[in-house]
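Trainee: If you're matching them up, the sequences are chains A and B in order. Using the UniProt record's numbering, you'd call the opening residue of the first sequence number 1 and step up by one each time. Using the UniProt record's numbering, you'd call the opening residue of the second sequence number 1 and step up by one each time.
Worth double-checking, as some hints may not be accurate.
[To be verified] Straight-line C-alpha distance at most 25 Å; calculated PhoX-like pairs for lysine-lysine:
1) A:K159 to A:K52
2) A:K13 to B:K15
3) A:K183 to A:K121
4) A:K159 to A:K137
5) B:K79 to B:K15
6) A:K80 to A:K183
7) A:K7 to A:K52
8) A:K52 to B:K79
9) B:K79 to A:K80
10) B:K79 to A:K159
11) A:K88 to B:K15
12) B:K15 to A:K7
13) A:K121 to A:K23
14) A:K13 to A:K121
15) A:K23 to A:K183
16) A:K80 to A:K7
17) A:K137 to A:K121
18) A:K183 to A:K7
Hints are computed from structural coordinates only; laboratory data are not their basis.
One letter stands for each residue in the lines below.
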Amino acid sequence: MWYYEKKLQYPVKVTECNPRLAKYLIEQYGGADGELSAALRYLNQRYTIPDKVIGLLTDIGTEEFAHLEMIATMIYKLTKDATPEQMKEAGLGAHYANHDHALYYSNAAGSPWTATYIAAKGDPIADLYEDIAAEEKARATYQWIINMSDDPCLNDSLKFLREREIIHSQRFREAVEILKFEKDRKVFF
Amino acid sequence: MSKQKTVNRYELMEKIQMVDFALVDLTLYLDTHPQDSQAIQQFNQLAVESRDLKHVYEQHFGPLRQYGASYSGYPWNWKDSPWPWQL
């Protein structure tokens, strides 16, 4: 089971109301390479991955939920004071018509989250390569959003998340090596 | 009340976030480097530090952790605002 803690993993501050930035950030909330996809992908793969890497998938999957909460906090803070007119100008008119200021799991273009974003092949190498690719895609997305953002407070938190994608990718690469080593050992004996 | 004035909520929370971040990162590192005894020592030291910092925070600002991992005051204060996104 899981324990909730009343604490963000890293502080989230925003300089001002900015629904335009929120629209882009929704990509990392309910997009293909977003934090929801990441958490569900890793936690779901745990059941059929070799024992040696179950711990890693559990721990990274859990951290992804902490990142999801950070992204939600960013979107919430960037939009909570926005008028309907500001939402419309930011390209969130369709979102406002359906959801008001509520958060919703969709990508930046408004397509709802779908399980097709997640792969689970049951083959450990295929699954871990999928995870490495997902981390690299998420890192790239954070970079593109940072490139478009002029909010220094928000960028500080986004840089933290970009850095975490790099670490996760690194750990998954090590997991691949651990499994390769195990496999080679079995061939020899 | 006087106690609350001497402890800055944001500063204390940031200290907890720093220590807990090191614990998260060490956890992932140790998952793939389980024999690094120095990292394990660091992990255990930081676990004590995190527990102590949270104890101080909770005395001033209420429980941090759910389902009995933190004690409750009277009346029940787990459900009280602010939540993390409201801070």
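Trainee: Against this structure, judge whether each hint is valid.
Mentor: Evaluated hints:
1. A:K159 to A:K52: Since the Cα atoms of A:K159 and A:K52 sit roughly 30 Å apart, the hinted pair is violated (cutoff 25 Å).
2. A:K13 to B:K15: Judged against 25 Å, a Cα distance of about 16 Å means the pair holds.
3. A:K183 to A:K121: Distance of about 18 Å is within 25 Å: holds.
4. A:K159 to A:K137: holds, 15 Å
5. B:K79 to B:K15: holds, 23 Å
6. A:K80 to A:K183: violated, 52 Å
7. A:K7 to A:K52: violated, 30 Å
8. A:K52 to B:K79: Not satisfied, since the Cα-Cα distance of roughly 38 Å exceeds 25 Å.
9. B:K79 to A:K80: holds, 22 Å
10. B:K79 to A:K159: violated, 31 Å
11. A:K88 to B:K15: violated, 39 Å
12. B:K15 to A:K7: Given that 25 Å is the threshold and the Cα spacing comes to 12 Å, the pair holds.
13. A:K121 to A:K23: This hinted pair is violated, its Cα atoms lying about 32 Å apart.
14. A:K13 to A:K121: violated, 39 Å
15. A:K23 to A:K183: violated, 45 Å
16. A:K80 to A:K7: Given pair A:K80, A:K7 holds - Cα atoms ~20 Å apart, limit 25 Å.
17. A:K137 to A:K121: holds, 19 Å
18. A:K183 to A:K7: Measuring from Cα to Cα gives roughly 41 Å; hence the hint is violated.
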